[in-house]
Amino acid sequence: MSAEAERKTENLPEWKQVEVDALVEVIESYDSVGVVNIAGIPSRQLQDMRRDLHGSAELRVSRNTLLARALDEVGDGIEELTDHIEGQVGLIGTNDNPFGLYQQLEESKTPAPIGAGEIAPNDIVIPEGDTGVDPGPFVGDLQTVGASARIQDGSIKVTEDSTVLEAGEEVSADLSNVLNELGIEPKEVGLDLRSVFSEGVMFAPEDLDIDVEQYRADVETAAARARNLALNAEYPTSTTAPTLIAKATGEAKSLGIQASIESPDLAGDLVSKADGQVRALAAQIDDTEALPEELQDVEAPAPAEEETEESDDEETADETEDADEDAADDDDDDGDDDAAAGLGDMFG
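Okay, so the sequence shown: first residue is 39 according to our numbering, each after it adds one.
The hints are simulated quantities; they were obtained by calculation from the structure and are not laboratory data. Check each hint, because a few of them may be wrong.
Said to hold, decoys possible - With a cut-off of at most 27 Å between alpha-carbon atoms, the simulated DSS-like pairs for lysine-lysine come out as follows:
(1) LYS225 / LYS195
(2) LYS195 / LYS147
(3) LYS285 / LYS311
(4) LYS291 / LYS311
This one's a predicted model, so the numbers in the text were calculated from it and none came from an experiment.
Produce the entire structure from the sequences given, and follow the hints as far as they go.
Right, dumping it as structure tokens:
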């Protein structure tokens with residue numbers, strides 16, 4: 039506790055000190071502590087909200103001066119929340135993270151009527167359709183506030199969606215009465231989080247207002263891309279190791295089959311490969327009776343298409359060249375035989 043906070047505490051009446059001590063206990067009991075705006079919430083609704091928070095968060099309402107003193111006593115950065123203690127506020131504590139707290143408070147808000155003199159939180163629109171109100175002066179009230187309305191088929195109808203007030207403008211008494219008559223509740227009542235302190239960090243509401251589904255999708259996409267990068271770079275992790283091992287196993291197996299490496303793990307594949315090669319060779323043989331019985335049903339390959347005259351000429355030239363080479367080989371063989379016979383005579 040700072041010296042200034044200690045001095046202020048010493049001057050507090052006993053009942054106030056008891057309240058400050060209770061607030062300090064609340065603050066120190068939770069991982070996340072925030073300030074919420076409770077202005078405009080009827081007492082009964084506030085009690086309902088407090089009951090709904092039971093088990094997940096605790097709302098504590100007290101005098102602003104006592105809230106500030108309690109925050110100063112705790113210190114460690116949480117006293118910065120005093121900048122948000124203005125108007126009708128309360129302290130809220132939770133062991134949930136700030137994002138979870140914000141989402142919980144937003145989801146707990148309920149629609150409510152808006153009164154004269156209040157500021158519109160968003161554009162107020164009277165939708166097109168039958169109002170369900172019998173013909174009478176109410177059609178003039180609608181037109182006065184800016185709605186397109188007329189009497190039709192024995193009822194007052196709004197002929198098109200009508201924006202009767204823009205966000206940030208003050209609600210008039212006439213508009214408040216019209217909205218109440220139509221049952222339109224243009225505002226939401228709930229606890230507005232002004233700021234929350236958690237693990238040494240101060241979070242503003244705009245920092246916590248995220249699309250959870252989109253955020254989850256972005257994280258999943260990033261994780262998938264990181265995994266693909268790690269796989270392509272052959273970077274082993276607990277996530278990529280099984281895939282890398284499976285890939286390496288497949289590549290090793292493929293290499294072993296191509297190189298015909300004898301291995302118990304490859305025996306079946308090598309036999310299948312050999313069987314395919316034998317069948318391919320058997321299909322080239324015209325005399326099927328020369329083949330074993332199990333290979334006699336192998337179909338011969340389809341005859342090749344006729345070659346062009348140029349190809350035929352090339353084949354003839356190749357055959358002539360091959361014949362010349364064979365003849366030369368024969369001459370060489372004869373020469374070798376003669377030389378061998380001469381040596382035989384010499385040593386005979």
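Here's how the hints hold up against the structure:
{"no.": "1", "hint": "LYS225 / LYS195", "result": "holds, 23 Å"}
{"no.": "2", "hint": "LYS195 / LYS147", "result": "violated, 30 Å"}
{"no.": "3", "hint": "LYS285 / LYS311", "result": "holds, 21 Å"}
{"no.": "4", "hint": "LYS291 / LYS311", "result": "holds, 13 Å"}
This entry does not satisfy hint 2, going by the numbered hints stated previously; all others are met.
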